[in-house]
Amino acid sequence: MKPAAVRALAGALAASMCAVLLSAGPGVWKEAPRKIALATGIPLIYHKDKASAMTVVGLFVPGGRAAVPDGLDGLAYLVTRLTLEIPDEGKVRDLMAQATRMTFMCEEDYSVVFIECLSENLEEALRVAGKIIQDPLMSGLRIGRGKELMELFAQAEEDDAVLAGGNAVLKAFFQGKGYGSSSYGSPASRKAIERKDVQAFFRRHFTSKNVLFAVISDLDLAPVQTLLEKYFAKVPEGERPEVAAAAPVLPAESDVRLTKETKQTYIARAYALPPPSPADHAKGFLVEVLTGNGPGSRLWGLRTSGRLAYNVDSRLTWTRNAGLLEAYLETENAKADRAAAALDGVLKEVWEKGVAEEEFAATKTMAKAFFLRSAETKAERTRLLGQLELLGLGFDHISGLFEAIDAVTLDDLNAYIRAVLDPGKALKITVGPGGAAAGQGG
Amino acid sequence: MDGKGLDQGFRRTARAVAAVLSVLALAALLGAGDEGRSFVLDNGIRVFLYEKRDLPLLHVVTGFDVGSKNEADGTSGIVHLLEHCVLFRGTTARAGEEVVADVRRHGAYFNAHTGQDLSVFEISVPAAEAAFALRNQRDILFDFAVTPEELDGEKAVILEELNQMEDDPRRNATDLVLQALFPGHPYGRSVYGRRETIEAAKVEDLLGFYRRYFVSGNCAMAVVGDFAAAEMERMIRDVFGPLPKAGPPAEAFLMAEPLKKSVSRRLEKDVEDGYLYLGFVAPDYNHDDQYAVNVLAEVLGRGINPLLPALIRSERDIVQTVDMAYLALRYGGAVVVSIRADPKDITVLERTAVNSLKRAQGESYSKKDFPGEAELFVFDYLESAKNQIRFAVGRSEESGLQLAGSLVRYMLLNTRENPGRYLDAIGRVDSADLRKAAGKYLAKGQWAAVSIVPKKGAK
Numbered sequence: 001m002k003p004a005a006v007r008a009l010a011g012a013l014a015a016s017m018c019a020v021l022l023s024a025g026p027g028v029w030k031e032a033p034r035k036i037a038l039a040t041g042i043p044l045i046y047h048k049d050k051a052s053a054m055t056v057v058g059l060f061v062p063g064g065r066a067a068v069p070d071g072l073d074g075l076a077y078l079v080t081r082l083t084l085e086i087p088d089e090g091k092v093r094d095l096m097a098q099a100t101r102m103t104f105m106c107e108e109d110y111s112v113v114f115i116e117c118l119s120e121n122l123e124e125a126l127r128v129a130g131k132i133i134q135d136p137l138m139s140g141l142r143i144g145r146g147k148e149l150m151e152l153f154a155q156a157e158e159d160d161a162v163l164a165g166g167n168a169v170l171k172a173f174f175q176g177k178g179y180g181s182s183s184y185g186s187p188a189s190r191k192a193i194e195r196k197d198v199q200a201f202f203r204r205h206f207t208s209k210n211v212l213f214a215v216i217s218d219l220d221l222a223p224v225q226t227l228l229e230k231y232f233a234k235v236p237e238g239e240r241p242e243v244a245a246a247a248p249v250l251p252a253e254s255d256v257r258l259t260k261e262t263k264q265t266y267i268a269r270a271y272a273l274p275p276p277s278p279a280d281h282a283k284g285f286l287v288e289v290l291t292g293n294g295p296g297s298r299l300w301g302l303r304t305s306g307r308l309a310y311n312v313d314s315r316l317t318w319t320r321n322a323g324l325l326e327a328y329l330e331t332e333n334a335k336a337d338r339a340a341a342a343l344d345g346v347l348k349e350v351w352e353k354g355v356a357e358e359e360f361a362a363t364k365t366m367a368k369a370f371f372l373r374s375a376e377t378k379a380e381r382t383r384l385l386g387q388l389e390l391l392g393l394g395f396d397h398i399s400g401l402f403e404a405i406d407a408v409t410l411d412d413l414n415a416y417i418r419a420v421l422d423p424g425k426a427l428k429i430t431v432g433p434g435g436a437a438a439g440q441g442g
Numbered sequence: 001m002d003g004k005g006l007d008q009g010f011r012r013t014a015r016a017v018a019a020v021l022s023v024l025a026l027a028a029l030l031g032a033g034d035e036g037r038s039f040v041l042d043n044g045i046r047v048f049l050y051e052k053r054d055l056p057l058l059h060v061v062t063g064f065d066v067g068s069k070n071e072a073d074g075t076s077g078i079v080h081l082l083e084h085c086v087l088f089r090g091t092t093a094r095a096g097e098e099v100v101a102d103v104r105r106h107g108a109y110f111n112a113h114t115g116q117d118l119s120v121f122e123i124s125v126p127a128a129e130a131a132f133a134l135r136n137q138r139d140i141l142f143d144f145a146v147t148p149e150e151l152d153g154e155k156a157v158i159l160e161e162l163n164q165m166e167d168d169p170r171r172n173a174t175d176l177v178l179q180a181l182f183p184g185h186p187y188g189r190s191v192y193g194r195r196e197t198i199e200a201a202k203v204e205d206l207l208g209f210y211r212r213y214f215v216s217g218n219c220a221m222a223v224v225g226d227f228a229a230a231e232m233e234r235m236i237r238d239v240f241g242p243l244p245k246a247g248p249p250a251e252a253f254l255m256a257e258p259l260k261k262s263v264s265r266r267l268e269k270d271v272e273d274g275y276l277y278l279g280f281v282a283p284d285y286n287h288d289d290q291y292a293v294n295v296l297a298e299v300l301g302r303g304i305n306p307l308l309p310a311l312i313r314s315e316r317d318i319v320q321t322v323d324m325a326y327l328a329l330r331y332g333g334a335v336v337v338s339i340r341a342d343p344k345d346i347t348v349l350e351r352t353a354v355n356s357l358k359r360a361q362g363e364s365y366s367k368k369d370f371p372g373e374a375e376l377f378v379f380d381y382l383e384s385a386k387n388q389i390r391f392a393v394g395r396s397e398e399s400g401l402q403l404a405g406s407l408v409r410y411m412l413l414n415t416r417e418n419p420g421r422y423l424d425a426i427g428r429v430d431s432a433d434l435r436k437a438a439g440k441y442l443a444k445g446q447w448a449a450v451s452i453v454p455k456k457g458a459k
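Chains A and B are the protein sequences, given in the same order.
Okay, so the first sequence: first residue is 1 according to the numbering used here, each after it adds one.
Okay, so the second sequence: first residue is 1 according to the numbering used here, each after it adds one.
No wet-lab data here; the hints were simulated from the structure.
Errors might be hidden in some of the hints.
Claimed, not checked - Coverage of chain A stretches by chain B, computed from C-beta distances (three or more under 8 Å per stretch; other residues unrestricted):
1. 41-52
2. 91-97
3. 153-162
4. 254-265
5. 298-307
6. 329-336
7. 366-373
What the hints assert, rightly or not - With beta-carbon atoms standing in for the labels, derived distance ranges:
8. A:A53 to B:R234: 29 to 37 Å
9. B:R359 to A:D220: 45 to 53 Å
10. A:T103 to B:G372: 31 to 39 Å
11. A:K35 to B:N355: 49 to 57 Å
Said to hold, decoys possible - Capping the alpha-carbon separation at 16 Å, the derived lysine to aspartate or glutamate pairs in EDC-like fashion look like this:
12. A:K263 to B:E268
13. B:K269 to A:E261
14. A:K30 to B:D226
15. A:K263 to B:D270
Glycine is no exception: its CB is placed at the ideal position from the N, C-alpha and C atoms.
The following block holds chain B by itself, in its conformation from the complex (with noise of 0.2 Å):
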């Protein structure tokens, strides 16, 4: 997932960073042979469509090749203001309470997302409904107008945003520990924005972004639910075809290099418990090492009973909830381990927990590590790890928005010839590559530290 988006109706609680950072790249399960459909239109435009007929709902995720990456420091956080405006605005036909009533009496679930690399924008409708779907995204999309009073309204809702964010411990710790794993590269701002850019954003900057980057070449799109791919596919090429085609400029980034020095961040707050994120520099959405690292965070950080907490807990027993992920972006990535504890223990859990994960590059993982008869004593974390890869999995094919998203970020992020199905290449990690992984990204890599904490003398 890219980072956060307008979830309405959605309970806080399904934004917490584990759900932010938890989503693996997990398009790829839907590699040629499956039941999917793709195509790319004349205009540039990628399309993936997939029948799930389970219920008759039918889920369209477009998104487009541009985030808080292609600003500046001028400019951050417009991506994510334009994303707000296009979608609830209004287009040069309607004007965004038009927009809004439509989407209502449609019976459509309608939201966005901004992140580091993408803008993705999402509408779930009654599967009768397609035809209506197909024509408000490229209305919204393609076809996009704002006024400064409608521009103006759209920022006091962006910097209500930010002070949501910047309440909740765990949002605001994971912008932060980002912030700081990535200096001097554009994944080192904020998705958010900075307060003052955002304030002094006018119309014109808005539609700079919007003509560079919404256009059909810098633009796929997914449909999942229940509809017939071939009459999928012909009213794809009605609604969408005519777009002209159009390509956003060239643009280069370096790959994020790992963190120099370690940096460590500590924030007092009006907070009942003890917050510490750490972050790690990590490989790439497109890197060989992205398999083992999807495994090497299920097994320290994920699923019934990880390893990581036991590390800590070997040296002290005090954490409360340890969770460890995985975001996979397309210049480099990023592991966060978040950890829940008694507020005092926080400084010195900083310490214990970087030393329990420098300690992974010399773990035993599997059963094969082990010699002889030993191997019946032990637990087979990596095969634990797979399994549980392949549970989420199961899970994701069960919500066509999810699958519409992953889909959409593997059409936009991966640049590899024929990468294969993503369980099989998980299926050929083995122990050695974990602590390879390991030894890599954790012990040998610098670390970013942000940990909140109940104010001095709050209760």
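Pulled out of the complex, with its shape left as it was, chain A reads as follows (with noise of 0.2 Å):
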């Protein structure tokens, strides 16, 4: 680099400061998702985009830990990981010479297969997945392997506080079942497993009245179409089960800690929402991004002025019946008392007072934005197309919502905040240091 002169800065900042216009509807999107049914009666959320040679699929399995019978925790995920266990060596190194992956993941309300690969390889990669999916091993030393596995991943999760805080927080709302049971399970309840409870979630759950398929790809949906309907013939037509969806409950005793030896204090406070309407889903969202997400946010100034913190955000979690919102910060642990009453007046400056124009129209325009930013790559689109399905939100709701946030208006916003961030109806989670007033165990 050669040394220059330098120059005064010419010019100012001439930034326009209206509020950005995101064109609403599917003109979002270069093309539609659209969903058809399968020959096999299964349905398909199709979405084509081009902007990698690459397919993903999402098998999605309803029931997730709602389905999990009482003192079964674990089981949703065990089955889902069972589902994914390759008996034949052969076939795993096939997969892995063409790189393709296939995780899952167990949510709320369903379990998803993610099948993901370079696009000229997608029929062999649904030749595999189907052979396995459709007809899994689950003998009694599979089971064993995956409860082993399942411990440790729940020793892990113990490690990260913002984990393990957004677990106790359904694990309170839900008193521990359903929705608020453990992903991974406890020590009781993986002994409880046995393979008879394995096998008849199985056979209830993956179904061809109940799953549905949602693949993004470069390919055309025509031939996509025929692989699934060739690979996924056998999938049982069986029932769709009734799973219920509990409502939260704010416990008795809602100040929840738990204790770990850490320089940083996790603190955070929870509020159930109303269950996800296209408008209340609109407005959760809403409340979520105008209290913790990114620079700017409600809880940034606690950051920037209140110097208490570096992490601050908000999560937003939706089951069919309600939606759990956390507002929370890490701070060090000297600092957590002034931390905790710190947060908590921003969040009741907020339910009291409400948001203003100024910040509505930007939270509107910053929630679009990161909506968009969030479902840029295929595999959190896939699953975020799913999801809105199984929310009963339906699958267009994709393109759907900028119309939902565009229907919001500041009365509507401001008296859903006065219902939902109610301080007396807040759940408080700290994890860190000193001492445990409603432990969940640490």
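Build the complex: two chains, separate frames, hints provided.
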């Protein structure tokens, strides 16, 4: 690099300060996602996207943690895991050679198996995946190995305060059952799960009347449809099981503390939100963005002027019957009391005074852009399409969300805030040193 | 990726060490002949434009050739502190709060990262806000101002970040293993810096670094997204073209030397799991061996069914997860192996894992290593790894911000005349190259080990 003379910086900032206009509706996407029924009866949500020569297939299985019987925490996770256990090493190697990846998640209302591959390898990926998912080997040995891994993953999760805090919120609002059960189970629940439980859960939920596909690919719909019909032709018809969607209940003891000898303390306030209708989904999302997402959020001041934290954020978890909003920060232990008071103060101010027009407009703009970025990659968008469908919002809410956000008025949002952010309805979560008030176990 | 950032809005899991170290040098995939357009402004700013029109988003990443390598012991952490202040503490025309409010009004994602080599600033906006994004970045990056009070505020944030990093066993172990791997070299200083340096930093210290390094000749910018290249070039010339021409003082850094003696460090913390991190000195960003090491990392420690866990398990079946990543820096590189296991097994695992890595120089990775019909019955790790790299490249093509970041790294770190396409070079790697790389960097090299285990007597 050659040194050179420095001249004065010319030009002042001339940025437009008007609100951003992002076109609503399907115009956001070059090609709107659509839904068809496969010949097998399984619905397929399909989105063509040429951004990469990759295909992501999501096989969504409604049920998830909501469907886990009492005392068998971890069952939904274990069953989903076993559907991906490839009994034949040769098949593993075939997939590995082509860089095809099969992963899974077990969420509140569903489990999902993802198959991600170079599109040129889609047929081989679906051939192998179809074979193992439709006829998984659920031997005692494999179940035992799965339980061992679950124990290890549960340990690792406890080493992350943000994850541990989020789990504690669900556990408290749902009394440790269903949505509130542990993904990986407890030592007792893992021990209690028997092979017959695993097989029964699989037979009940992995049926053609229950599951659905979401696919994003650079390929045309027709060849993808053909492959899915060919390689997933043996999903048993079965029935669509009814799984109750529990409503969250604020526990009598609303101050939950997990003891951890760390340098920072995680402090959160969590609120139950109404079920996700299109309008309430949009309002919940706006409150999440308003309170904690990105620079300039309400919590942001706790970082910049309050000097209380590096990490401030909000996180919104949806179930079919509610949303759970967490607003949180992580602070040096010595500042924990002050930070908790400041967090309460910020949230109380939002509740009492609501938002004004300018902040409302900025929040809408931020929410739309945030949503688009979150849906940029195929894997994340596939998850989103399936989730929206299974929440009852419909997959096309991925386009409709913009309209729903536009439809929210300032009065609507302030009324919503007034209803949901009542400090008297907040669950308090603390992870860190400082003793236990109502410990859930460290 | 260079290190860590101000990743508000990202989940902590996304900051796990695998993510920190796993992004390979993908930028060269967008070499000459693709749909990108590159040019250099008269003042020296290097620009790469890449049209990605699937979504109405625009991503601008601007990088400067300054990182922790440019610090000394007495200034350790100041580049990271400067990066924070530049991003959030305002300009001569706007206070930090105004910058943040403007960013929010325009729906922008706004972030920055400091690494050993580079400081990188990101903004991502709706495509219609291209003009705002460019002007905002020019303003914060080339017209920075900070008051002592604002600096004190950001120091408090940084110290909180240090606490958070030290509470996270993965980030903490990665930071420590990289320090241990480069003793006496600028890369041996933590990117996060030292508490006492951060606490003592003054405005003039920051401005000294700022004036020296945040200049046009030390800058590269990549724009990826929904725009027409000709119009975007015009806008960039309008916004950044008038900036003065200036380059940083010439600085020379020595290449990192191989570690002379293995080092091992053990920490006890309030964790449930056991964490073992092993580091080996590896080739730098421009070294011809980088491609073989990229592939080797995929073969041994990444993908669906990597070889390293199998090698370890052939001695002891005690590992939970294994990951291997290659961090290519301008003046050196590192291979970092991360292992999670039952805490009681961590001590024995260090030796077992090192032995397994040393055996990698004698492995057969390709079907071509086997004579006659034998090749029909073996797995081709080499081809698999190459496909996995193609897979990773495909994924990165979907993320505009990731693409732009890779391009900036390439523009600032590449010193080769015509390196060609990254995937072409990966395609030429053969099994002998992998054995040679394993012998050179894993078998003959010393290593740095950091383990984090639960405190004695803990539950």
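We went through each hint and held it up to the structure:
1. 41-52: Satisfied; 4 residues make the cut.
2. 91-97: Answer holds; 5 residues pass the 8 Å Cβ test.
3. 153-162: holds (count 7)
4. 254-265: That given contact holds, which follows from 5 residues of the stretch 254-265 of chain A lying within Cβ reach (below 8 Å) of chain B.
5. 298-307: This one holds; 5 residues, not fewer than the three required, reach chain B with a Cβ under 8 Å.
6. 329-336: This one holds; 3 residues, not fewer than the three required, reach chain B with a Cβ under 8 Å.
7. 366-373: holds (count 6)
8. A:A53 to B:R234: 29 to 37 Å: Between A53 of chain A and R234 of chain B, where Cβ atoms are some 32 Å apart, the hint holds.
9. B:R359 to A:D220: 45 to 53 Å: At roughly 47 Å between Cβ atoms, D220 of chain A and R359 of chain B fall inside 45 to 53 Å, so the hint holds.
10. A:T103 to B:G372: 31 to 39 Å: Once the Cβ atoms are compared, 37 Å apart, the range 31 to 39 Å for G372 of chain B and T103 of chain A holds.
11. A:K35 to B:N355: 49 to 57 Å: Check passed, 54 Å falls within 49 to 57 Å.
12. A:K263 to B:E268: holds (14 Å)
13. B:K269 to A:E261: holds (8 Å)
14. A:K30 to B:D226: Status holds; Cα separation ~11 Å.
15. A:K263 to B:D270: Satisfied, since the Cα-Cα distance of roughly 10 Å is no more than 16 Å.
Violated hints: none; the structure is consistent with every hint.
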